[in-house]
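Chain by chain, the residues run as shown.
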Amino acid sequence: MVRFIKPFKAGLPGRRKPAAGQGGGPGEHREGDVFAGRGIQDRELSPDLEINLLMMKTVFSECSDAIFREFYFAGDERIKLAIVYMDGMADKIQITAQIMRSLMLDAPLVEQDEELTRARALTTIKKLLPIQHIEETNNLGKAVDAVLSGDTVLFVDGHASAIINASRGWEGRNVEESQTELAVRGPREAFVETIRVNLSLLRRKIKSPDLKIEMMKLGRVTKTDVAVVYIKGIVNDKLVAEVKERLGRIEIDAVLETGYIEELIEDSPWSPFSTVYHTERPDKVAAQLLEGRAAILMDGTPYALTVPVFFVEAIQNPEDYYERSVYSSAVRLVRLISLVISLLGPSLYIAIVTYHQEMLPTALLLSLAAQREAVPFPALVEAVVMEFAFEILREAGIRLPRQVGQAVSIVGALIIGEAAVRAGIIAASTVIVVALTGIASFTFYYSASVSIRFLRFPMMVLAGTLGLYGVICGVLTILTHLATLRSFGYPYLFPVAPFSAGDMKDVVVRAPWWVMLRRPRLIGKTDPRREAAGLEPSPPPDGRKR
Amino acid sequence: MLEGGRIGARQAVFLMVSMVLPTAFLFVASVTSHLARQDGWISILLATLAALLIARLAVSLSLRFPGKTLFQFTEEILGRWPGKAVTLLYIWWYIHMNAEIVRQFGSFVVSAFMPETPIIFIELLITAIAAYAVRNGLEVFTRVNEIVLPLILGSVVIIIFLVTPEMNMKNLLPVFEYGAVPVIKGAVMPAAWMGEIVTMAVLIPYLSRAEEAHRIAAAATLITGFFLAVTQVIDIAIFGPEITAGWLFPALNEIRMIHLANYLERLEAIQMGIWVAGGLVKICVFYWAAALGSAQWLELKDYKPLVLPLGAILLAMSITLHDSILDLFDFLGRYWGPYALTIFIAGIPLLLLAVAAARGRGGSPG
Numbered sequence: 001m002v003r004f005i006k007p008f009k010a011g012l013p014g015r016r017k018p019a020a021g022q023g024g025g026p027g028e029h030r031e032g033d034v035f036a037g038r039g040i041q042d043r044e045l046s047p048d049l050e051i052n053l054l055m056m057k058t059v060f061s062e063c064s065d066a067i068f069r070e071f072y073f074a075g076d077e078r079i080k081l082a083i084v085y086m087d088g089m090a091d092k093i094q095i096t097a098q099i100m101r102s103l104m105l106d107a108p109l110v111e112q113d114e115e116l117t118r119a120r121a122l123t124t125i126k127k128l129l130p131i132q133h134i135e136e137t138n139n140l141g142k143a144v145d146a147v148l149s150g151d152t153v154l155f156v157d158g159h160a161s162a163i164i165n166a167s168r169g170w171e172g173r174n175v176e177e178s179q180t181e182l183a184v185r186g187p188r189e190a191f192v193e194t195i196r197v198n199l200s201l202l203r204r205k206i207k208s209p210d211l212k213i214e215m216m217k218l219g220r221v222t223k224t225d226v227a228v229v230y231i232k233g234i235v236n237d238k239l240v241a242e243v244k245e246r247l248g249r250i251e252i253d254a255v256l257e258t259g260y261i262e263e264l265i266e267d268s269p270w271s272p273f274s275t276v277y278h279t280e281r282p283d284k285v286a287a288q289l290l291e292g293r294a295a296i297l298m299d300g301t302p303y304a305l306t307v308p309v310f311f312v313e314a315i316q317n318p319e320d321y322y323e324r325s326v327y328s329s330a331v332r333l334v335r336l337i338s339l340v341i342s343l344l345g346p347s348l349y350i351a352i353v354t355y356h357q358e359m360l361p362t363a364l365l366l367s368l369a370a371q372r373e374a375v376p377f378p379a380l381v382e383a384v385v386m387e388f389a390f391e392i393l394r395e396a397g398i399r400l401p402r403q404v405g406q407a408v409s410i411v412g413a414l415i416i417g418e419a420a421v422r423a424g425i426i427a428a429s430t431v432i433v434v435a436l437t438g439i440a441s442f443t444f445y446y447s448a449s450v451s452i453r454f455l456r457f458p459m460m461v462l463a464g465t466l467g468l469y470g471v472i473c474g475v476l477t478i479l480t481h482l483a484t485l486r487s488f489g490y491p492y493l494f495p496v497a498p499f500s501a502g503d504m505k506d507v508v509v510r511a512p513w514w515v516m517l518r519r520p521r522l523i524g525k526t527d528p529r530r531e532a533a534g535l536e537p538s539p540p541p542d543g544r545k546r
Numbered sequence: 001m002l003e004g005g006r007i008g009a010r011q012a013v014f015l016m017v018s019m020v021l022p023t024a025f026l027f028v029a030s031v032t033s034h035l036a037r038q039d040g041w042i043s044i045l046l047a048t049l050a051a052l053l054i055a056r057l058a059v060s061l062s063l064r065f066p067g068k069t070l071f072q073f074t075e076e077i078l079g080r081w082p083g084k085a086v087t088l089l090y091i092w093w094y095i096h097m098n099a100e101i102v103r104q105f106g107s108f109v110v111s112a113f114m115p116e117t118p119i120i121f122i123e124l125l126i127t128a129i130a131a132y133a134v135r136n137g138l139e140v141f142t143r144v145n146e147i148v149l150p151l152i153l154g155s156v157v158i159i160i161f162l163v164t165p166e167m168n169m170k171n172l173l174p175v176f177e178y179g180a181v182p183v184i185k186g187a188v189m190p191a192a193w194m195g196e197i198v199t200m201a202v203l204i205p206y207l208s209r210a211e212e213a214h215r216i217a218a219a220a221t222l223i224t225g226f227f228l229a230v231t232q233v234i235d236i237a238i239f240g241p242e243i244t245a246g247w248l249f250p251a252l253n254e255i256r257m258i259h260l261a262n263y264l265e266r267l268e269a270i271q272m273g274i275w276v277a278g279g280l281v282k283i284c285v286f287y288w289a290a291a292l293g294s295a296q297w298l299e300l301k302d303y304k305p306l307v308l309p310l311g312a313i314l315l316a317m318s319i320t321l322h323d324s325i326l327d328l329f330d331f332l333g334r335y336w337g338p339y340a341l342t343i344f345i346a347g348i349p350l351l352l353l354a355v356a357a358a359r360g361r362g363g364s365p366g
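Taken in order, these protein sequences are the chains called A and B.
The numbering used here applies: residue 1 is where the first sequence begins, and numbers increase by one.
The numbering used here applies: residue 1 is where the second sequence begins, and numbers increase by one.
In isolation and in its complexed conformation, chain A is listed as follows:
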């Protein structure tokens, strides 16, 4: 008996071993009989409706949200039907109105002159179903998967196959404004948790049959829908193959967020820097696709991944491309400097105050010395403590319930900042540096900001022990590390190193659109040309002037 049960259990997703203590109850006996020792994936349906339903009920035993409904075709007792669907996953109105109503009530009216027999029932029913997408299957596993995805499975007595009716419809968030990546100018919509909606957002931006969306399922238990998206003819085919290869390698029980996928496909898992880009903005993903990248979307999360990513993307923002180029370039410079401040701000402060006072103008030095006179700690301790306090505040700010937000910010800003200075525990200059660093770290790409915030602490220790030399060595180590990184095989520091003059138009400055004629050199080789040359606008020639 156990011999019969085991293969079936192995076929069930996520249940490798029979649970302990279920040695041989009567329930298992029945399972063994029903499936005759075969897994559900390769089990065929039976012509007998009762057996089909029994199999479904066995699979969905103790699943109170699985709904079974048996009825007769047009009230004719010869032809017995049954539908199976998941409560909450399927659109009930559609099931009632389009499946049950058309088969129970409307059917006889349409098919009056044709004689209904059991043998012809399936064909007739398929003709009668006003559903946008139906599929026939004779495989139990497929039927089960369909039910789990929110489709409705219709069994017809006397036929060894089932009709899968597209009826997915569940409660989801509406498309809303992005919460984490804000822009003054530009589209406001952000991805939601439903992959179909997200894909449609992309498709609406790129109305081209070349926008390819390849679906796959990840997660042995969760069977999450994952889409690999790219634009054929722009993307490098090898990149797509590599993405699919890396996704295909994943064998995990669940993927609940693209973060799972990110960690399983990145090039350098131990690096503090992420070599996969994530965003919840469809416009950002569309732009990435148009540059020749590939995107990975997943059902259940608003965050899409794009690969490959270059380090300079940390200071790029979708809004740069919507605002005029002069302003965007200036803002980008602000972001670049912020990035440097957020990495080096506290460590340079520590190094200068501790070791290199001679670098400061005398007046500033005197004022600093006066502030620091009463402070009992060395600059390193002060700065590390304050940076840590800032990290606590930041983390609390994210997690705390909205109602207490104000209390925390008051306590945080006033007590930690103002009172600590007044009490003479921390120098005012330290608070200024830490606050500036903290603010600066939010001006650029969040994931890079996380990496840099993390690296700030070792930098501070280096500054506190070796002064400026330590800081420079730290920067060189980080630089060397960045030079070793690759994202899906592409060097992370491109286009700075390896240097590509044409791509520098979109690094420190954002050149006007009529100058950026080509896609990034490394990733856009397949179709390098982005626009026609000579698009620079100018006033009309003399003849057309008013």
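In short, the hints are calculated from the structure, not lab data.
Just so it is clear, CB atoms sit at the ideal spot from N, CA and C, and this is done for glycine as well.
Please note that the accuracy of each hint is not assured.
[As the list claims (entries may be wrong)] Partner residues aside, some chain B positions facing chain A, computed with beta carbon under 10 Å:
(1) R10
(2) V109
(3) F121
(4) L125
(5) I126
(6) A130
(7) A133
(8) P150
(9) G154
(10) R266
(11) A269
(12) W275
(13) V276
(14) F329
Let chain A serve as the given structure and place chain B on it in line with the hints.
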């Protein structure tokens, strides 16, 4: 494949410039001024000329043996055991030279910025970073250099502009006050420095287009020569030959002269940044050459296991070679030039080329 990396022409030029310039920038002016007085810039030009010849020699030699480094074609030219002996000499030279550089590096940081820090600690840190870069291969430190070198050259140019008010060109006169002999003597040490371009013979197999090697070597030498000559002129114009010769690091004092509008002053930090970053790349190149050479000499499949032991040797040698910074300067000024120049930079390559031509080894030079 020992080294899988391939670098482009611009990357190679940058690398060869970084290999020479940052250290030379700091040390050459003092020694040259000592010997050639106000004519030091002529010495530099002479040295540049010599370096161009050396580059020509090294590249011609190397191009006869496509795909082979200096450490491999010696065997082809001289036969297995004599070749191995010569290769061993070169490996020694790279290790020795690198140890001297690490020591210069440490001495500079200690004496100019951190007099109380033990020198070994400074050297350990930079050697560790270099080891990390070298372990990850040629492409990695080439890319680091691609970012670092433009910053270095940029700041050098800015510094030059900022010190112009302090300059007095009359200091350069009279030309040839002491005749040609001191000028030639003064050229020996910069020539030894710039002659390090002989490393092209190691790099050529890893160029994406080897046929550009002549131009790469020449461009790198000319850029280096230009910056060195300009520095020499400026140092002498600011301080005069006596004071320049008296400074340990004239370039550092040059930066200390900058006083602009009462807030732009004391920019030594920039000098430290230049030196540490440039020094790192330089150490990396020779470190890599030593590791690669040792692996090829031992006919290993991978040089990575050799990186850490070599680093330990480097560090130990750099500490034990000299008692003090004065000893270091004395050695560099008096012995380094003839030692490096006659044996490794010109002597052996010339010999190799002669033997190769005589025995008809290798293809015709490209």
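> Which of the numbered hints are not met once you compare them with the structure shown?
Replying inline: 9, 14
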